[in-house]
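Trainee: Here are the chains, one letter per residue:
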Amino acid sequence: MQNNRDRPKQFLETKRQSEVFIRVSFVILMALLLSHCSNRKSHVEEADVEEIVRNPAADNESLIQVTPLVPAAVMTLIQQANQQLSDGGVAEAILTLKRALTISPSSALVQQNLAEAYLTDGDYKEAMYWSTLVVNQGPDQGSLCERSRRTQALAAELLNQPDVQARALESIESCSTAQPERY
Amino acid sequence: MKRILLKSLIFVAGFFVGLLTPWYFYINYVTDTIVQDQWDIPSIVYARSLELYEGQSLSPEALSFELDLLGYQATSYQPKIGQYNYQDGTFLIVTKGFNFPDTQTKPQTISLSLEQQKITAMSPQLARLEPPIIGRFFTSNFENRRPIKLIEIPETMVKGLQAVEDRDFKNHHGVSWLGILRAAIKNLMAGEVVQGGSTITQQLVKNKLHYNQNSFLRKIHEALAATLLESKLSKAQILESYFNEVYWGQDGKVAVHGIVEAAQYYFSKPVGRLSVAEQALLIGVVKGPSWYNPYRQTKRALLRRDVVLKSWLETGVINQTEHDTAKNASLGLSKSRQLKTDFDDYMDVVKSQIKQQFSLPDLKSNGLRIFTSMDPYIQFKTTQTARKTSDWLDTKTQSAILVSGAKNGELLAVSGSKNANSHYNRALLAKRQIGSLIKPMVYLAGLELLPGFNLNSSIEDRPITLKTADKKTWQPGNWDNKSMGSISAEDALVYSRNQATVDLGQKITLPTFIQFLRQMGLQVQRNTHPALFLGAIELTPFEVQHLFGIFSSRGANQYINAIRYVTDQNNQILSRSKQTMGHSLSVRHIDEINAAMNQVTLRGTAKKLTQSFGLPDPLFGKTGTTNQGKDSWYAGFTHDYLATVWVGRDDNKPTDYSGSSGALILWGHLFKNL
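Chains as they are written, first to last, in the working numbering: chain A, 1116 to 1298; chain B, 14 to 687.
In short, the hints are calculated from the structure, not lab data. Remember, it's a predicted structure, so these values are computed and weren't measured experimentally. We put the beta carbon where it would ideally sit given N, CA and C, even for glycine. One should not assume that every hint holds.
[Stated by the list, open to error] A few chain B residues facing chain A, derived, Cβ under 10 Å:
# : residue
1 : R61
2 : G568
3 : S599
My request is simple: use the sequences and hints to build the entire structure.
Mentor: In structure tokens:
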């Protein structure tokens, strides 16, 4: 009986602990991101878009992955653009992504890839434009959601827009939806 | 004394160095631009390349149109490069290949099946056709008229110009002092300016600098520039430049420059086929294209032509027989100008935007490749719709239509007139009051700026009397002369209620609304009249397209662009078009307005589109009408396309049309055919 009465208490205690844990993790994550951003040199060649923007979300399995509905041709073009980026052809990659955009003008996936390509190219204004578009109109959960906010934060830093950067960093958290606990 | 002399000397030297040196450099620059103005290799303007992939919406007609435009030959056999075969819904195309800036495509065989206006199967999975050429620019000023070589101009005309305008041309160095003296004596005797002493070289400089008035300083400037130009160009090059540049008249609001355009404008002929009489008229008109306008001043022009012919006879340019034959000929003016192509109106936009959006140093090289977003099939459909304006509306009503991508703001098609022979591009140039088209912006401003306001909020559609800044009273009325009382903001927008909109506008306030419009990219002058809330603002159809692009793209695009990118001859990208977002509008608010604009097409002023034309939902749009139907507007979009249509009279007289009975009819027909 005692055990039964204590169970809700234990449950609340565990929940409180996990909440504290999440908050602490969030603060650490934010501090890491901010320190990373503030330590970055304002030179785009040194911005590893792949590592900073794409990978964190791709590695996190707890995120809801939004699969955009785009024609197969668009996926082919995105792959082609990625190959061009790997080969150092940023200008070509941007044109390939713009080509994909003519097929699917409102595809957040293409827009985000374009934002990242512009970031790599050192065109922060365009990177800001396309990432803001994904932030405003794209998915509010999942990998694209996170990637767009990271790109926006980086572009904002490089454009010296601390307010926009702070908002972007704060909103990254909202993209993550933890798996609901099962009882 | 010595010191004064020294000071004077220093002053004079300083004066020359300080004033004349920059002047010299300016003149040198001016003459350099004249020398460099023509390109050896023209710049080519391309439409978009047609992407082909499984699932793409495409009709057999549209694909055949594209292939024909690209010069592909239809064949019933196995196609070779540049041919296609179409049988039982399946196209077999062998492309020609193209050097795209991102990659070079080689000729390839494409097989695709079309069913119900869609590509249902295709091999390879993705391909694109070459982009069709829609125009060329021949000069660094992005003129799309082709310059003519001196050798192609009839000799009578070349010699005849010198006989009439500058007999000493071969001998002087830019300025004919003898000519000036002769003109001065004649002018002194007449007591007014009756003769100019300008040489052909001076006239060329004057034309290039667009001088309208003669002043002593300008004459000196002109003389110096002419002398410098003579040291940079041969006599033949000066003559060639003159024939290509000189102002020959006015076609509506379009200036006719150059002999090629002039021959087309006055006689609808190529220069090589002009008769002696026609040549003489053109040379005569140069002296004063407005004064001797043969269309308006027939007698005066005829007399001038005969003076030229007499002068040619005296100087041996023509013989007596040629003179007599020419003198007896009528003016023989063409009644219809050369018809413009479907692409000319779009080229006007390209010309205007290339200078606005791209830095000029990048564009100074020869042989640029300009890639645009024009869709030739949609352009064809748009032009066809415009040409039929008089089938649906009265004959005096003109029209302008613009179509762009709803989501990406890329310009797809433009028609600036219903007539093929009107070169006045109303889509770009006609500034007209927009009437109720402003209302979505008023309600958006309400959502953005008024705390607690939403489209369910109640506003008052009642008679209202306002005092304007000039102390007059203003009482806006509704189109049906009725008032609906308290209504929701959504209904006020859907049914385009004026009194309710002014009620909301009063809450926003006029200065705040003007500021809001400026953030949307509109150049709004200071305006103190509340009629601005009802669209008392003049915009071109192109500016309206920008405005509605904000709604169709859900805030993503603020500007409609025609040019995607520009490369040099070696395929290196010089410049890419860029989008900017100068506003911070809430997507939710734009969506609310879009939902109301959808209702406009279902139960409001544009319900004809869904009920009579049977166009599928969802459609979004707004009608606009100005006083007495002077302007009839409809701006609307689907998920794919945004189009603005204006109809009205050039003389701004009233018409019988409202937005829904005029512009909307053209919009409906266009979208029925897209």
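Trainee: Hint by hint, where does the structure go against what was stated? Just the numbers, ascending.
Mentor: none
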